[in-house]
Each structure stands twice: as C-alpha cells, then as structure tokens.
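Asks: Okay, here's what each chain looks like letter by letter:
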Amino acid sequence: MILLFGAAVAALVFFSQHSLLSESSLDPRPLISPQNTVATAPFTVEPVVFALIMYSENSAKEGAILIKVAFSAWIDIETK
Amino acid sequence: MYTSRPLEFHIICDDGATAYLDSRLRLLTHPVHPITVRFYRLSFQSMVDRIAREGSLNTGHAAGVRKLLYLSTLPLYFSNQVVDPAGLMKLFMHEVFPDNIEKAIYVDTDAFFLTDPTLLWEEFSRWDPSVAVSIPYHPNLVNHEWFNASEICSCIMLLHFNKLRSVRLMDSSVYRADRSGLYPPALAPPTFTALFGPPGPHGYTHVALGDQSYWWAIVSNRSDIFHPLPYDWEVTSCLLDMYGTALGADGTSEDEEKNALYHLGPHQGTVVVPKLLHLCVIFHSTIIRYES
Numbered sequence: 001m002i003l004l005f006g007a008a009v010a011a012l013v014f015f016s017q018h019s020l021l022s023e024s025s026l027d028p029r030p031l032i033s034p035q036n037t038v039a040t041a042p043f044t045v046e047p048v049v050f051a052l053i054m055y056s057e058n059s060a061k062e063g064a065i066l067i068k069v070a071f072s073a074w075i076d077i078e079t080k
Numbered sequence: 001m002y003t004s005r006p007l008e009f010h011i012i013c014d015d016g017a018t019a020y021l022d023s024r025l026r027l028l029t030h031p032v033h034p035i036t037v038r039f040y041r042l043s044f045q046s047m048v049d050r051i052a053r054e055g056s057l058n059t060g061h062a063a064g065v066r067k068l069l070y071l072s073t074l075p076l077y078f079s080n081q082v083v084d085p086a087g088l089m090k091l092f093m094h095e096v097f098p099d100n101i102e103k104a105i106y107v108d109t110d111a112f113f114l115t116d117p118t119l120l121w122e123e124f125s126r127w128d129p130s131v132a133v134s135i136p137y138h139p140n141l142v143n144h145e146w147f148n149a150s151e152i153c154s155c156i157m158l159l160h161f162n163k164l165r166s167v168r169l170m171d172s173s174v175y176r177a178d179r180s181g182l183y184p185p186a187l188a189p190p191t192f193t194a195l196f197g198p199p200g201p202h203g204y205t206h207v208a209l210g211d212q213s214y215w216w217a218i219v220s221n222r223s224d225i226f227h228p229l230p231y232d233w234e235v236t237s238c239l240l241d242m243y244g245t246a247l248g249a250d251g252t253s254e255d256e257e258k259n260a261l262y263h264l265g266p267h268q269g270t271v272v273v274p275k276l277l278h279l280c281v282i283f284h285s286t287i288i289r290y291e292s
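Chains L and W are the protein sequences, given in the same order.
Each residue of the first sequence is one higher than the one before, counting from 1 in my numbering.
Each residue of the second sequence is one higher than the one before, counting from 1 in my numbering.
Pulled out of the complex, with its shape left as it was, chain L reads as follows (with noise of 0.2 Å):
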C-alpha cells in the first residue's frame, strides 16, 4: 500500500485596502450577459468568491470558523 501525500503550491496573499463607499460613477454600465461575458480561458480554474461583513472582533472570532480552510492532502491508497 502506498499513500502519496501531495500538496499543492499555497498562496495565501493578504490585501489590507482602504475602498471608498462611493456610488458608481454617473456612466451607465453595461449589462452582463453571455454575449459580453469574457469566456474563461482553459484550464483556468475559477476561485469561488465570498463577500463577507465582520465588522468587530467579535464578528471576526465567528467569520473565521466559517472561513477556516481544512488542510487537507491527495491520498492515493493502492492493495496489492
């Protein structure tokens, strides 16, 4: 039996950004649909994106359960 741990490459990347609360600007924008949606190019894998409001501590102390990521590995099992 072999077991094969394999991790993949982690990219953990924090941005602390100051947004301005603004309306949109008097432009108005497109709407999306299919026709003018960029097509995804192949093999690029679309991250699953969350938008989320903590705005205490304590909010933060439940955000981050739900946003606790499980380390986890490829585990490969193979019976001779």
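Hints are not guaranteed to be accurate.
[As the list claims (entries may be wrong)] Cβ-to-Cβ under 8 Å is the rule here; a few derived chain W residues that face chain L:
no., residue
1, 3
2, 14
3, 28
4, 55
5, 114
6, 118
7, 174
8, 195
9, 224
By construction, these hints were calculated from the structure, which means they are not laboratory data.
Note that CB positions come from ideal geometry on N, CA and C, so glycine has one too.
Since the structure of chain L is already known, use the hints to place chain W on it.
Replies: Then chain W, alone, in the frame of chain L:
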C-alpha cells in the same frame, strides 16, 4: 471548509476584525488551493453617510446592535436602539467592492460549510440571464407584522454585483441630483414603497428585519431578477421543524425521504441535502403560522 477550488474572501471589516483575522490566517501555510483575502476597512461614518444618502432606510432590527456613546450624532433613525449599520451594508456590497468582483457568495458569519463551497458557486450557472439575486425562499413562512420578509433569509445570498451595479440597486442623493436624464433611476426605491408604503420623515417605518426586509421588498417586487436558492443551502430549517429530518437515519433512501419530508412548499417531493450549518442565534422566540 473543504474546497476543490481556489478561494477569494472579500471582507468588509474594521481594524479589530482585521487584526484578528490576520492573526488566524497567518496560521494557514499549506492550503491545497490558493487563497486570497482582501480586507475593506470602512469607517463607521462612511457607512452611516452612505445610508443617509439613500435617504429612507430605517430599521428596528436588533442584529448587530452596538451601544455607542455618540448616539445623538447618528443621522439614522432607528427605533429605541442603535443598529450597527454594517448589517445594512449587505445592501451596498456591490458599491464597496471593486468592479472586477463580478459576483460573490454572501454568508452570515454564524454559519459554516458542511460541503465543498464549489457546489454553491455552481448555482450561478443555473440562473436565467436576468437573475441577479438568489436567496432561500419559503412562501409558506409568513408573518404579516414583518411584511412577510420571513419568506426569505438574507443570511445566505448569491449576488451578481455587476448586474446590481448596472441597475443601480440602491438610491443616492448623488443620483437624484443628476438632471441629465441619461441614467436609470435606482431599482430599489419603488420596491420599498410598494411593500412599506411611502417613506415618512424618518424613512420607512416598521421595517422589522433590517436588510432582510429590504431584500424581500426587492425580490418580491422584481421576481425577474430573483432565483430561489435550493433548500440544501437555506438556513431557516430550524424554524421549519428541520423538514422532518433527524439524525440517525443515514441509510434512508431518497424515495423514503421524499415521502417523509414536509414544509418544503414549492419543493415538496424533493430531498433536502443540507450543505451549510447555520447557528442562527435568535434573541427571542417568534410564533410563525404555517399557511399550508
């Protein structure tokens, strides 16, 4: 959370939340997939000001209440309490995040995933082209005191930000001041008036459930942009007797489940496979009458 895809987290937060999350996230050194975390540190005043520019928002909802010393300086009109405007920011997220954030999953912090969030992300692909919002919807969960906003739960939402930007979901004094006639009016105000009546001097009155009431006004009036989220992802099952499910019956077949589950409304005859656990802290009990 076990994921089969890269993850991006865009988080509206304050300094305290940022510091805590940063300390936790730095413990994560070898995730299988890339993870991106961006913090959007809004000032309290900027949130208050944006809500004020909308002009009519008001709520008595207790979620997120924070006792603030400068109560008298708030230009918001909440009934007998100060409500953290961060909850109402759920209505403005499409303005906070940059335009390259096309769409996203919103989940309240008091929940966690039982399954791969990719399964939820794939719900976007099942939408009609006009759809911009997906929220769990229970047509038989009525409460007239709440304008029936109990029929949805904004605890979890799939939001297509680009579509919400293009229709200018929320109104603003900036928009109202524009006299060019070239731009569409904001989508939400007519839906609010249709449900709550015209706003008074202090905005809409008796809006009991905060942002959820406003989301309900929007999606109940504009069903063309709404797609109910499957009950696999809903977080109100505790108010629905868990649909008759219980622990200890893992071997039950789907056919048996179909016949056993109830309170499923338009989804009666289907099997609910829970994929999200919501802790759903409720301060006081509420009697809800089932219409069916």
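Asks: Provide an ascending list of the numbers of those earlier hints which the structure does not satisfy.
Replies: 4, 5, 8 and 9
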